[in-house]
Amino acid sequence: MSLQLSEKHFTSAQPESAARRIVTFRVGDRTFGIDVGMVREIKGWQATTPLPHAAPHVRGVLNLRGVILAVYDLRTAIGLGSTEATATHVIVVVDVEDKTAGLLVDSVSDIVDVPVSAVRPAPDLERDEHGLIEGLVLLDTEIVALLDLAAVIRDGGDNQDKQLRVA
Amino acid sequence: MDPLAELKQTFFQECEELLGALEQKLQLLDEGSSDPEDVNAAFRAIHSIKGGAGAFGCTELVGFAHVFEAALDHLRSGRVALEDAPFTLFLRCSDAVADLVAAARNDETAPVRPDLLAALEQVGQAKAAAPAAPAEAPPAPAADAPVGIAALGNLLAMVDAKMGTPAPTASAAANDGWDDDEPAAVASVRKPGHDVCIKITPEADLFRRVIEPRVAIGILPADEIVSVSCDLSHVPALETLDVTDCHMRFTVMMRTELSADEIVSKFDFTLANEEFEVEVLADSEAAAEPVAEAAPASAPEVPQNVAADLSAILARLGPATDAAPQPDIQPAAAPVAAPAAAAPAVPAAPAAPRTPARPVSNEAAARQRQAVSVRVDLDRIDRLMNLVGEIVITQSMLVECVRSLPYDVYAKTAEGILTLSRQTRELQDHVMAVRAQPVKAVFQRMPRLVRELAQTLGKEVKLVLEGENTEVDKTIIEELADPLTHMIRNSMDHGVETPEERIAAGKNPEGTIRLIAEHRAGRIVISVTDDGRGIGRDRLLAKARSRGLVGADEKLAPEEIDQLIFAAGLSTADAVSDISGRGVGMDVVRRNVESLGGRISVDSEPGRGCKFTLALPLTLAVLEGMVIRCGDDRYVIPIASVIETQHLANTPIEHLTFGQEVLRWRGEITPLHRLGAVMGSAGTRDENIIIIAETERGGNVGIAVDEIVGQQQVVVKSLESNYGAVAGASAATILGDGLVALILDVDSMLRVAASGTRQPVPELKLAG
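Chains as they are written, first to last, in numbering that gives the first Met the number 0: chain F, 0 to 166; chain S, 0 to 767.
The following block holds chain F by itself, in its conformation from the complex (with noise of 0.2 angstroms):
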């Protein structure tokens, strides 16, 4: 369901032009892509209030503007660990679902334009992504993975659950 939302929202964005601009951000080594459609802001790191009990991938609360929002850890959700905050790390503010939403992540490198056609489907779920990935654009360079945000939301920090349900 998830994912039909995000194809929607693709492709209301992207009515006519057989291309998608795509802002792409930095974890570790990775690189991430999405919808500039869906990106509010970017802003600097800002300390988070915890949330008791949350989910490891979420980071905590803060305040933009009087708004509060939650701000979800990427690499968490990826499961490489979490991540040391500093100045420089970044904080994506996104619109997901009827949500506003930030994902941390280690910098934003781009904003590129894609034909529709160079984004291929995931492969068959790599261990480390659980099902974030929406598509996969390669570049001149890299490998973009387009990540589908609302599955980032709900079930980033959903990691062990998920290993337990299946063993």
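If you're looking for bench data, these hints aren't it; they were derived computationally from the structure. Keep in mind that the hints are not guaranteed to be accurate.
Where chain S lies over chain F, by a calculated footprint (3+ residues, C-beta under 8 angstroms) [stated by the list, open to error]:
#, segment
1, 38-52
2, 65-75
3, 98-108
Backbone N, C-alpha and C define an ideal beta-carbon position, used for all residues, glycine too.
Guided by the hints, dock chain S onto chain F, whose structure is given.
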């Protein structure tokens, strides 16, 4: 929005208030009130609804309201004694009016209830049959009677009289003080003097100047007026008609000895010079003759024409003057209007006529009302509220900044800030007060619900309302209706038994449901108590077992079983009914209530009844909080929950099994929880302070924290709009340094403590 739609909107808003008042007054009367003011108020309410409805062409509503009004009028006039009045019928009629209003609002047509109409008309007929009553004087005019109409009717009567037709109406007209002579004499006896033609073309604002034509013309010696005719050709089309404008023009024919100047001076007080024209007809004999001769001949027609014209105009004026629904405006209606004293008094004080026309009084009343209350779009108040919220945050930010200033600067600035914070507080209080409303707005809807359900279910139930004037923020009011409706439905359907069952159980056949609102612990607590059979625990448990909600060999305490009523998909009603029994009621109620930071609980005593208690915050906007610290984290605990604070070191703590700590407080054993542990605070903790807090159920609890940072008003920010519910916290706020702090919810925190640490994952899932 176009002006008409806006007006319509206002009308429907007013209708809601009026319907509320109507129902309330009828209820009072039904309960035995004999205050005539209650009758009048009920009458006024339906009357105003009718008036407005006419303006917007809601014919069904007008028709029904008219009959209803007529029935109520019998009470008002005393023709039907209060004791004999069918208030149950009236209450059902008020429901029907509410339906019609709702239908009109949605541009639908609701079926008029012929049964109710017939019953209402019966009320009138009973009176007609009463032999003694009709001989008595007609009902005295009430202050709010449609004076304008009556006045116009009066004018007609006068026209009638002057035209020398002592029709059945003449004697009536004579009563009104307008006519001191035998009318017939006017036409037949040729008086000395000359004929004068006065053309009156009032400006449109005549009524707004509180002048009515009757008064203006009435200044002329009544016995010298030969004829008065009214030219209605300037009345605009209905679409553009402003009922407060005067579109009537009059031509008065007189035979008088007064000079033109004398006549002019008579209008000094009422009409501007350009509004009338006095012409002394040159050949008085010749000119007068046709008039005089024509008079008797045309007499039968003219008044009727005028009457017809007038009733046409009145029909058009309907909205304000209230004539529309009246099938036939007859001059005979006149005597109702003016006290006999009015006419002589008028020349003496023409500027302040005693019987202002209806449109004028309407407007004056409207103006008066505006002076005491203003309708404001809720959005505007919300924006104001948000702004005040931001100011509160900025102000507490300033306070933090000031702390770091050097002392001499600090002292001065601090003073200013202190004043500022006092003013901010006051500003906030006032804005909050603007939003506050008595719960009456919601409670008022409940009697109808109970009546209708009682009828459907064949039960007898009395609804008792208490604490209707308890005030609560607008945001909460809006959220109350649904849970209350569900709770009452539940009590009606499952709680209260049928009269036979009740008699068999040795109870009063009439059940009682009490709906009580009160302020407690900074919350509004609303309870719905019935004296029915209570929760059927065996059936509830069996059902829960069959649905797999409770394990087959799981043992539950009676209270725990009662709480199952809030479980999803459980209903013990044998037959699924319209009222309840789909099993989607109470669990939805609980979810909605909890999402508002409220709680709902149930207490049941088998055979004795059941009590639902709903506790909600007074406002969803701000709260007075104590900022506390635990490890690295800060929290806000609502002051309303705090009873007192004390040092941990001075408090003897005892350990029970399973690591539960308790302390003695005011002779009570009070459980102690360490906040840092419950909420999983980061950093090292060093608990120094115990906060004794009150729980909703009335118990107390000790909460150990590291430090009390301060006390301040905080703006409540939702965690759910962008995240989801957080166990232990009702919401969040932004502190002076811009960081977010969770606002603790003591009861929810206790549940976290009771359930161990890790909360189930669903709490943080996004919807979908």
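Each hint tested on the structure:
1. 38-52: holds (count 7)
2. 65-75: holds (count 5)
3. 98-108: holds (count 3)
Of the numbered hints stated above, none is contradicted by the structure.
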